[in-house]
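Participant: Read off the chains here:
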Amino acid sequence: MAGIWVYSEDIEISKQLLALGREVAEKMQKPVCALTIADDAQELIAFGADKVFVLKGDSIWPEAYAATIADLAKTEAPEAIFMGATLRGKDVAAKVAAALDTGLSTEATAIRVEGDVIEADRMVYGGLAVRTEVLAAPAMATIPARSFEALAKDDSRTGEVVEVAATFDARLSVGAVSPIVRQGADLSVAEKVIGVGRGLGKEADLEMVKELAGLMGAEIGCSRSIAEDYHWMPAESYIGISGAKIKPQIYLTIGVSGQVQHVSGVRDSRIIVAIDKSDTAPIFEAADYGIVGDLYQVVPALIEALKK
Amino acid sequence: MPNIIACYKWVLDEQDIKVGANLSLDTSRAKGKISDYDRNAIEEAVLLNEKLGGEVIGLTYGASVKPSLKDALSRGLTKAVWVEDASAETADARVISNVLAAAAKKEAYDVILCAEGSSDTYTQQIGPRLATLLGIPAITFVSAMKIEGNKVIATRNLGSCTEEVTAEFPVLLTVLPEINKPRIPSLKQVLGASKKPNTQVKAADLGLDASALAPKAQMKSLKGFTMSRKNVILKDGEVADKVATLVASLKKEGIL
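Heads up: the sequence lines are chains P and L, in that order.
Residue numbering for the first sequence follows the numbering used here, starting at 795 and increasing by one per position.
Residue numbering for the second sequence follows the numbering used here, starting at 1152 and increasing by one per position.
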């Protein structure tokens, strides 16, 4: 019966992908199959799967299941495979696409069905442009978390559950797994975010930014160079197309020039405010409000104003 | 003494690409550069080479990659292998991986390093695809690595956790920008680059048929992305007045 496949190692993303899968499947008159490496087949059926392949194996490493997914797809010949664009998901998707000798659209922002052909939109050049690509069958795309809203759970839905024995590559071994303790809040869900850039003269000046953040109730992120070149803030604080993507009510930048890679990570912010000394900085084109001026005068004045 | 291949892509500098009135892209002022994170892949390969010896080969494929050789070789590579072919104009990640895999097979390698993604298309597919085509293990998103004997021990950074992954040669890794800080080549290194060996490989000699060089994620359109914002920018006047105006605006927006 083939159909439209969805897979993520994260059950919440799988539920969101099932909503996309149902939409595509209805247009193409195909069933929706979910793949899972966990014990959650009934849950996936309740959220829209007609059939669930449960990949059974003793590896807890999601990446190890790529070969099994590829082999299954070779036999079952799905029309499309949508995977969650987590780092693990992107790893698996690329391996499956290579094994199937097919195309893959990374972090697709839109999926459309045109006749019996699937096309996808994605960002290129650091977010400067949108590339629309036509995907040959089997069409593959990875989809970022929270791109789709899961359908309402329906426990009365029924579906088929098929177990598949997984095979693994013994050449790799995964040792210690250590959780990263976040030093700040999760920027991707923060309501207020301040971003700092290279306009900041020295690391100690972050104290001034922290004071402002405290008054606003904001989390602090930064441009790429602050995290990757200067190491003033942890890597997870980097906001941009290859870092954290944020969608706060307000994003306030301090000394951020506004390179396209940075701006594309903040474009879903409701209001963008920029403070920078250069009136030609590209950040002002991306801002709703801006102050051109010396941040060492503007930020203290803003702190004073907010204290009142 | 491991032989290491560092893959890199010669891309247009996106900072110099302008979006035109009809959302078309004007690339006329954009110069070529080695994709940002590929510099980290080259740097890591060179650091390992300085410690362990062996060869460190830069491998690239593009429509016009000859101008990249001097820059790449000045970063410490011992030689470069380049595939220049018009197919790159329309290549998707599948085509790029097909070419790189076929070219890599002609070299003796123990370790292949790629960046996690390129600064133009950022598909993040080349590393894992290449490993799959070559039938070797892939360790992606690596933030630190070392080589002991014929074993690679890598730390992956997956955002919420780190993982230690071990594999024997041959193995492919994709590196994160945090793994190192790429060197700025010295004048001596730049001058020495032209004396280093480079090998051009013709796409026709890679044993790939026409379908292997034709994209399966085919570009239909490419349009500049624009964002409409209020653009209320306060330039002139006293700092206190500008701040007061901003605070009043943000209160009106219901944010402060």
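In short, the hints are calculated from the structure, not lab data.
Treat the hints with care, since some could be wrong.
DSS-like mimics (lysine-lysine), calculated; alpha carbons at most 25 angstroms apart, straight line [unchecked claim]:
1) L:K1402 x P:K1101
2) L:K1403 x P:K1041
3) L:K1184 x P:K986
4) L:K1217 x L:K1402
5) P:K1004 x P:K1039
6) L:K1182 x L:K1347
7) L:K1374 x P:K1102
8) L:K1386 x P:K1101
9) P:K1004 x P:K1102
10) L:K1403 x P:K1101
11) L:K1381 x P:K1041
12) L:K1381 x P:K1039
13) L:K1169 x P:K1039
14) L:K1347 x P:K1041
15) L:K1169 x L:K1347
16) P:K986 x L:K1257
17) P:K1039 x L:K1257
18) P:K1071 x L:K1402
19) L:K1182 x L:K1339
20) P:K1102 x L:K1403
21) P:K1039 x L:K1374
22) P:K821 x L:K1403
23) P:K996 x L:K1221
24) L:K1386 x P:K1071
25) L:K1332 x L:K1374
26) P:K986 x L:K1182
27) L:K1386 x P:K1102
28) L:K1230 x L:K1257
29) L:K1381 x P:K1071
30) P:K1071 x L:K1169
31) P:K845 x P:K824
32) L:K1346 x L:K1184
33) L:K1202 x L:K1332
34) L:K1347 x L:K1257
35) L:K1386 x L:K1184
36) P:K1041 x L:K1402
37) L:K1386 x L:K1403
38) P:K1004 x L:K1402
Participant: Enumerate the violated hints, using their earlier numbering and listing them in ascending order.
Facilitator: Going through the list in order, the structure violates hints 3, 4, 7, 14, 15, 16, 17, 22, 23, 25, 26, 35 and respects the others.
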